[in-house]
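Let the sequences and hints guide you as you build the complete structure.
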Amino acid sequence: MKKIVIHEEYCIGCRLCEIQCLVKHSSSGKIIKAFREEFPRPVSRVHVEEEGYLSFALQCRHCEDATCIENCLTGAMHRDEKSGAVICDETKCVGCWMCIMSCPFGVIQREKKERKIASKCDLCGNDGEPACVTNCPNEALSYEET
Amino acid sequence: MKKLETYYFIIGYSVASWWCIQSIRENDPVGFIQVVSDEKTCYSRPLITYGLGRTVDSIAYQGKIEESNKVQVSYESRVERLDARKKMAFLADGTEISFEKALIASGGVPIIPEITGREKPGIFTFTRQKDMENIASFMYKKPAKNIVILGGGFIGLKTCEAMMNMNKNITLVELAPRLLQNMLDEEGSYYLEKSLLRSGVHIIKEDTIVSFEEEKGNLSDVLLKSGRRIPADLAVIAIGVRPHVDWLRSSGIEINRGIVVDEFQESSCPDIYAAGDVAETRHLLTGERSVVAIWPEAVNQGRVAGWNMSGRVVSYPGSLPMNAVEIGEKALVSAGIVNPTDDNCEIIIKKDRENYKKLVIKDDCIIGVIFIGDIEKSGIYINLMRQKLPVQAFYEKLLEPNFGLINLPTQYRKHFVKGAGIEV
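Those sequence lines, one after another, are chains A and B. So that you can map any letter, position 82 of the first sequence is 82 in the numbering used here, and since no number is skipped, the others follow by simple counting. So that you can map any letter, position 80 of the second sequence is 226 in the numbering used here, and since no number is skipped, the others follow by simple counting.
Hints should not be assumed to be uniformly reliable.
As the list claims (entries may be wrong) - Keeping only pairs whose Cα atoms sit at most 25 Å apart, straight-line, the calculated DSS-like set for lysine-lysine is: (1) A/K116 x B/K314; (2) A/K112 x B/K497; (3) A/K113 x B/K314; (4) A/K2 x B/K560.
Hint data in this document are derived by calculation from the structure and do not stem from the laboratory. Keep in mind it's a predicted model, so treat the numbers as computed, not measured.
If you want it as structure tokens, here you go:
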């Protein structure tokens, strides 16, 4: 399947990926509206980790053995048959946080929409290249067949 | 009398069985699988609290397994007796089933203490779909305002969460001096109780129900040991579950608290396996025998059992107690040994008004995790615990607000993962 590959040697820690991810997952799709007018504010599903000179952007790794899928009580967390991505069906999610507890990367978060749901990278809905990859100014993320 | 023959025979049809069947199918696409379940459907047990509070429309478990001519499920059917030596099962309706390999995943049954009047209407346990339906129909007929829940453990709190969403006046009665005493430490319980009180739940500790009292045939009060009397229209007994093994006493299978299994999930009788809340496995960290009745281990045990049943030898690393819950707007995650009795453990705590994080470290490895409030990164620590990775190299960074994969040794980051494209 196609996955987001991290190239930490190119990451400059600018966090543009976080901003673009948030915008992509907002209801308006507009940067200023997303940050100033949408409440609760949409959350970014990618996070830059930084330690001294090292940094990288981390999002769901779409594991082959995905513990979050096994531990989901409802079947909300599932593998998309076509793309192979690990996707949370927000209509089925009850916010039990079993997936958060199971994720070895710590990349699933709580999000409060109409109700509480687990929020994670969805590869931008297989809508071509994910926003974090497209908008990375230094090619520190790439979208590749693995 | 009906006689049936099957290669695989599976008793109980909840999460452990579901994943066992998945594993069997990976190795053996054709062997016939006969499942017997005393339920009406295959559903997700933990979802009953959400089902009652109407958070979900359906409590059905994900992706129904094709009930093809290779997997047959008999619902509302009960195994009365098992002869492990002859590999025969006898159902309540008289059917005899002979099998080659069996999985026992009969789950747990609620523990019901001797309390005067416990057979009265309006008093429930809450572990099955039927319980959910009974409580819902009771509430439909008679709007129950005052709810008393006996038990401040995990099931008690999940019940409490369901009732909170229904705008009820809830009293939680717990015999211990604090709530969730297995999952949390003293301070953690304090955070939880504070949040519950803020949501309007009444908490009574170090007390228990001695009698259910009625008025005109309806439950009216519960009488506590202390002499206190609490109005109650509906009561839920939620003090815990025990493995459902009574029906196996004459089977020849070794039973301690649960069905004693080895690292392949096989019982003392060859070709008979057990998984989930009925199985007694070894603790991942201590090696002690215990029944760890939680969803993630039911999945793991079911998978391991299925692989071994179908010829792929896989050993089970051991059970790690863990759970997550959000109650009264307070999310919490707990895993491993959180209340160590061993003096050689080191404890690291970071806390503020709303958040509490605790790690228990022994011999340079994490053995216990409590996260309250901000729980997002808890999975990283739980995984380090599972992998038994020494923490010395990044000890100073543990529980720092920005702690993440970046703090782990590069070797580990790059190689602990399975599958291409997921290394960090």
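Status of the hints after comparison with the structure:
1. For the hint linking A/K116 to B/K314, the alpha-carbon distance of about 21 Å falls within 25 Å, and the restraint holds.
2. For a cut-off of 25 Å, the pair hint linking A/K112 to B/K497 stands: about 23 Å separates their Cα positions.
3. Taking the CA atoms of A/K113 and B/K314, the gap is near 24 Å; set against the 25 Å cutoff, the hint holds.
4. Of the supplied pair hints, the one linking A/K2 and B/K560 holds, its CA atoms being roughly 19 Å apart against a limit of 25 Å.
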